[in-house]
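Q: Input sequences plus hints: build the corresponding full structure.
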Amino acid sequence: MPQPGSPPRHYVRSDVRTHAPARVRVAATVAAVVLVHALGFGLLGLARLTAGDALTLGVALSAYGLGARHALDADHIAGIDNAIRKFVAEGRRPVGVGLAFSLGHSSVVLLATSAVVAGIGSTTGLLAGEGATATALGTFGAAVAGGFLLLVAGVNAVALRGTLAARRCGTDEVHSSAAARVLSAPLRRVRHPRHVYVLGFLFGLGFDTASSVGLIALAVTASLSGAATWLVLCLPLCFAAGMTAVDGVNGIAMVRMYGSAQIPSRDRQMFNVVVTAVSVVAAGVLGAIITLSAVDELLPGYQPVASWAAGVDLAHAGWWLAAGFAAIWVAAAVTLWARRGSAVVSGPRRTLRDIP
1 MPQPGSPPRH YVRSDVRTHA PARVRVAATV AAVVLVHALG FGLLGLARLT
51 AGDALTLGVA LSAYGLGARH ALDADHIAGI DNAIRKFVAE GRRPVGVGLA
101 FSLGHSSVVL LATSAVVAGI GSTTGLLAGE GATATALGTF GAAVAGGFLL
151 LVAGVNAVAL RGTLAARRCG TDEVHSSAAA RVLSAPLRRV RHPRHVYVLG
201 FLFGLGFDTA SSVGLIALAV TASLSGAATW LVLCLPLCFA AGMTAVDGVN
251 GIAMVRMYGS AQIPSRDRQM FNVVVTAVSV VAAGVLGAII TLSAVDELLP
301 GYQPVASWAA GVDLAHAGWW LAAGFAAIWV AAAVTLWARR GSAVVSGPRR
351 TLRDIP
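Per UniProt numbering, the very first residue in the sequence shown carries number 1; after that it's consecutive.
Rather than coming from a laboratory, the hints here were simulated on the basis of the structure.
Keep in mind that this is a model prediction, so the values were computed, not measured.
Please note that a few of the clues may not be correct.
Label-pair distances were calculated between CB atoms; the ranges are [claimed, not checked]:
#1 L298 x L49: 43 to 51 Å
#2 L164 x T221: 24 to 32 Å
#3 T229 x V34: 36 to 44 Å
#4 R23 x A136: 42 to 50 Å
#5 L314 x L35: 25 to 33 Å
#6 W320 x V30: 34 to 42 Å
#7 A228 x L61: 18 to 26 Å
#8 G147 x W319: 21 to 29 Å
#9 T56 x R339: 29 to 37 Å
#10 R339 x L46: 50 to 58 Å
Note that beta-carbon positions come from the ideal geometry of N, C-alpha and C, so glycine has one too.
A: Okay, here's the thing in structure tokens:
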């Protein structure tokens, strides 16, 4: 709370937002997600009044479901979770990382949908993966995604090693190593959620997911049914609403998982070790597969390992990763509850001499 007579806080400024109370930052993230929902479904309501049956609630919910499904892609979860782990290690608690990433990714889908519905023919070929431009964008997007995941996995692996060393020494203090400073150098500019927005945008340049293509198909169908171009934009906005809802919750949950103060120091270290280890392994494996897939795009057939990686099916990897984090959280909560319950039941040992 600001003191009487002190200047008001300007939460628009990033330096003030960083030090804002957690409840304020969570409320701001939730408000942004609600705003995206209001824009998408509000525009749908207007479309229903003016475009008749060209845009239905079922179509909008399909777009929403595609966005929510896309948020559970493995690269989304690994990218967001590892970025949050980096921020937490630096002493920050940015609850808007998941929201920023999904907004960046959704921006690509919104622009692509707008271009296709507006009749820009080159965009259709781009989404179909045809031509040198489509190949270049796909390779660039994969290279950015794979490179970021590998880099942040390396940074967090070094942090994990430091946490394990601190745990063995029985202290909470984790010392920075030379390896950590070298690996984190390229990521020093990633200091706020708005920087993660750019990463989300770059991740989305590949147009290589069934969710994105499915949304484009819905939008084109609605446009051909007679809906105005600007009204069809309710579909990518509903897509963004679904994605921001899932990624926003993921971001808030992971900040809480990494930075919970309710777990005793020793248990918190072990909890962070397990969560960080899962995040690092997931980011490393996914980063390697995505990077090798980009190599296969550039040199098809020349690299057997890259060709194998390009054929790996990651459709359900995100679901397994999300389920793994949920299981870790539940296990930690049950363990903490059991220990507290045991302490309350047993209490301090007493003898007959202690009874008045």
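Q: Report the numbers of all earlier hints that the structure fails to satisfy, in ascending order.
A: 2, 3, 6, 9
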